[in-house]
Amino acid sequence: VKRASTTLAACLAVAALAAAGAAAHGGGSGERQDPFTPRGHDHGAPADEHAGHVHGPGPSAEPVERPRAAVLGAFAGLNAAIVLGAAVLRRRDAARRALVAARVESRRRPLPPPLPGSEPR
Amino acid sequence: MSAAGPAGPEPSGRNLLEYRAVAAVAHSRLYPGLLQWVTVLVFALILYQLMLGPDSAHDNLGTALTWVVWWPLLPIAFLLLGRFWCAVCPFGLVSDVVQRAVGVQRAVPRWLKRYGIWIIDACFILITWADHVFGIVGSPWGSGVLLLMTTTAVVASGAFLQRRAFCRYVCFLGGVAGNYARAGMLALRAKPEVCATCTSRAACFNGGTAAPACPMFEFPRTIDSNANCNLCAHCIKNCPHDAITLTLRAPTKELWFIRRPRLAESFLAVAIMGIVLIQNLTMLDVWGGMLARIEAATGTTSYAVNYGVGFAVAISVPALLLLGAARVAGRWNGESARNGFARFGYALIPLDVAAHLAHNLFHLLAEGKSVAYTAAALVGHDGAHGSAALAGLGTIRALQFTLLALGLAGSLYTAYRIQRGGAAPRRGRRATLVPYAALLVGLGILNAWLFMLPMAMRT
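Respectively, the protein sequence lines represent chains A and B. Take the first sequence: its position 43, counted from the start at 1, is 43 in my numbering, and no numbers get skipped. Take the second sequence: its position 220, counted from the start at 1, is 220 in my numbering, and no numbers get skipped.
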């Protein structure tokens with residue numbers, strides 16, 4: 001439980017840092033990207049132009065708001081939950097295994113010698 | 001362990017582990033861990049750039065490193081080195097670290113073992129569809145979210161399941177890698193005569209003092225395919241008798257010897273062909289007219305729906321053509337269409353690899369310099385805004401056609417060897433080849449024709 005708590009705390013700290021970082025970043029300040037015309041490609045450009053794209057900033061567009069804090073927070077939270085769940089299961093499995101091992105051991109152990117005066121008639 | 005699939009003959013080439021340098025690397029405790037940590041650091045930089053870097057793919061180093069360098073080089077690596085990438089993949093290390101810390105080590109569910117390859121097929125189709133519809137490649141944000149989702153799946157797998165269950169049974173890239181690695185030039189096998197006398201209780205599979213267990217659930221003693229070997233060298237380290245061999249072989253050789261072909265693996269080969277065709281098609285002028293016709297047929301302007309229809313048709317066409325070829329061949333040799341589809345689907349893999357490489361070659365050679373430009377911009381150097389091309393269009397096209405020709409030759413020869421193989425019906429063997437050869441030539445010509453058409457855009 002201690003390890004799981006530590007892991008969870010670390011994950012939450014990562015989530016908080018990510019959210020803070022995202023907030024500081026301003027939630028997106030780049031250009032709008034046409035998803036179907038990536039990286040400076042113009043529709044209808046002649047074939048020969050495609051072997052030598054001019055690398056440079058694309059046409060300026062409005063900034064896009066990205067839900068960075070929400071996505072990174074959800075990512076950290078979900079992964080923390082998975083790790084925590086696994087830690088709890090692992091601890092439970094270990095406890096079960098220890099119990100089973102103890103039972104098996106107790107069955108294997110030879111019986112103690114009979115007490116004096118308790119021999120069967 | 002490999003329960004089905006193609007089986008090659010005993011390795012005949014020289015064992016590369018007889019070379020001191022190769023053996024030293026394979027036995028080193030730093031391999032593959034050191035390389036994994038390097039890729040994890042690069043992955044962290046890429047993820048940071050994708051999530052918090054510039055919104056424009058044009059200026060984002062994460063996008064450039066992922067889609068201009070890594071993605072085009074990947075099929076080449078699969079062909080030359082098999083699934084070596086999987087040994088150094090950052091996701092593998094993430095899974096291992098989580099497993100060591102909190103892993104529950106549950107056995108892989110039977111349904112996942114049985115239907116994992118279909119899940120891989122479905123994931124591959126879904127992700128390539130989503131890539132185009134949501135612009136994952138062109139959007140750093142989209143790429144970043146995809147990586148975060150994949151990381152979550154890897155963490156879950158590492159936390160609850162044994163070994164690298166995700167890499168073996170779920171990773172869509174692993175499915176493609178497995179298919180391509182079959183056509184690859186490296187083969188890891190064990191010496192059966194040595195293994196027959198081994199008393200080490202399968203240290204190569206279960207792990208030992210030198211290295212952990214095989215992460216991909218492969219038992220070297222029975223391994224007959226490199227589709228699921230990631231060349232992590234754990235078995236080489238653990239084997240007390242040095243019975244593991246690593247040999248070079250002719251490309252596509254593993255595909256010539258099919259004992260128990262799997263329908264899902266053949267379907268993946270067909271799906272890859274369809275996906276490469278539609279990806280090439282969407283880069284062309286003619287795509288606009290085709291999209292308008294699909295819009296008229298569906299009555300909606302939703303790109304997701306209309307592209308989905310085109311995508312489904314593109315995947316269905318090679319599948320239906322292969323099914324048709326199998327039916328025609330079945331009339332001569334009496335084989336069921338299902339069996340013919342499953343057996344000869346593997347013959348498409350060399351052409352798949354070639355078409356995929358030819359498609360990616362454009363991105364690599366026409367945009368390769370953009371990586372240097374974006375990296376320079378990242379450290380504050382602004383001024384390198386020239387052409388991003390590493391080669392001219394004429395050179396790129398010549399290389400594309402050469403690759404396609406080699407792929408077609410490989411596919412035709414593979415089909416020839418499959419129809420001669422032990423699993424083939426005896427009746428009408430020569431006639432059997434005709435419909436499959438016609439299909440392969442037709443697909444080769446179709447690919448070449450698409451590369452010759454004028455371009456409009458790229459994906």
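Since the hints were derived computationally from the structure, they do not count as laboratory data. As the structure is a prediction and not an experimental result, all values here were calculated from the model. Some hints here could point you the wrong way.
[Claimed, not checked] Label-pair ranges, simulated between beta-carbon atoms:
#1 A:R108 x B:R201: 21 to 29 Å
#2 B:T402 x A:G85: 48 to 56 Å
#3 B:G288 x A:V64: 22 to 30 Å
#4 B:A196 x A:R108: 55 to 63 Å
[Stated by the list, open to error] Some, not all, of what chain A presents toward chain B, calculated at C-beta under 10 Å:
#5 R66
#6 R68
#7 V71
#8 F75
#9 L78
#10 N79
#11 V83
#12 L84
#13 A87
#14 L89
#15 D93
#16 A95
#17 L99
#18 L111
[Claimed, not checked] Okay, the calculated bits of chain B under chain A, using three or more residues with CB under 8 Å as the criterion:
#19 46 to 58
#20 88 to 102
#21 117 to 129
#22 153 to 164
Glycine is no exception: its CB is placed at the ideal position from the N, C-alpha and C atoms.
Checklist line | chain B contact restraint for A:F75 - C-beta distance below 10 Å | finding: 5 Å, holds
Next item on the list: Please verify that hint: A:A95, Cβ, nearest Cβ of chain B, below 10 Å or not.
Entry: 13 Å, violated
Notebook entry, point to check: Is it true that the C-beta distance of B:A196 to A:R108 lies inside 55 to 63 Å, as the hint says?
Noted result: Roughly 36 Å apart at Cβ, these two residues miss the hinted range, so it is violated.
Notebook entry, point to check: With 10 Å as the cut and Cβ atoms as the points, is A:A87 at the interface with chain B?
Noted result: 4 Å, holds
Notebook entry, point to check: Are there three or more residues in the segment 88 to 102 of chain B whose C-beta lies within less than 8 Å of some C-beta in chain A?
Noted result: holds (count 3)
Check: Do the Cβ positions of B:G288 and A:V64 conform to the proposed distance bound of 22 to 30 Å?
Finding: Given a distance of about 26 Å, which is inside 22 to 30 Å, the answer is holds.
Note to self: So, as I understand it, the hint says A:L89 touches chain B; can you test that by seeing if any CB pair is closer than 10 Å?
What the structure shows: 5 Å, holds
Notebook entry, point to check: Measuring from the C-beta of A:D93 to each C-beta in chain B, is the shortest one below 10 Å?
Noted result: Interface hint status for A:D93: holds (6 Å vs cutoff 10 Å).
Next item on the list: Please count how many residues of the segment 153 to 164 of chain B have a CB within 8 Å of a CB from chain A and say whether that reaches 3.
Entry: The restraint on the segment 153 to 164 of chain B holds, since 4 of its residues have a Cβ under 8 Å from chain A and three suffice.
Notebook entry, point to check: When the nearest CB of chain B is found for A:R68, is that gap smaller than 10 Å?
Noted result: Holds, because the Cβ-Cβ distance from A:R68 to chain B comes to roughly 7 Å (cut-off 10 Å).
Checklist line | Pairwise beta carbon distance, A:R108 to B:R201, judged against the given window 21 to 29 Å | finding: Check passed, 23 Å falls within 21 to 29 Å.
Item checked: Whether chain A covers the segment 46 to 58 of chain B (at least 3 residues having a Cβ closer than 8 Å to its Cβ atoms) -> n = 7 at 8 Å, threshold three: holds.
Against the hints set out earlier in the document, violations occur for numbers 4, 16, 17, 18 and 21.
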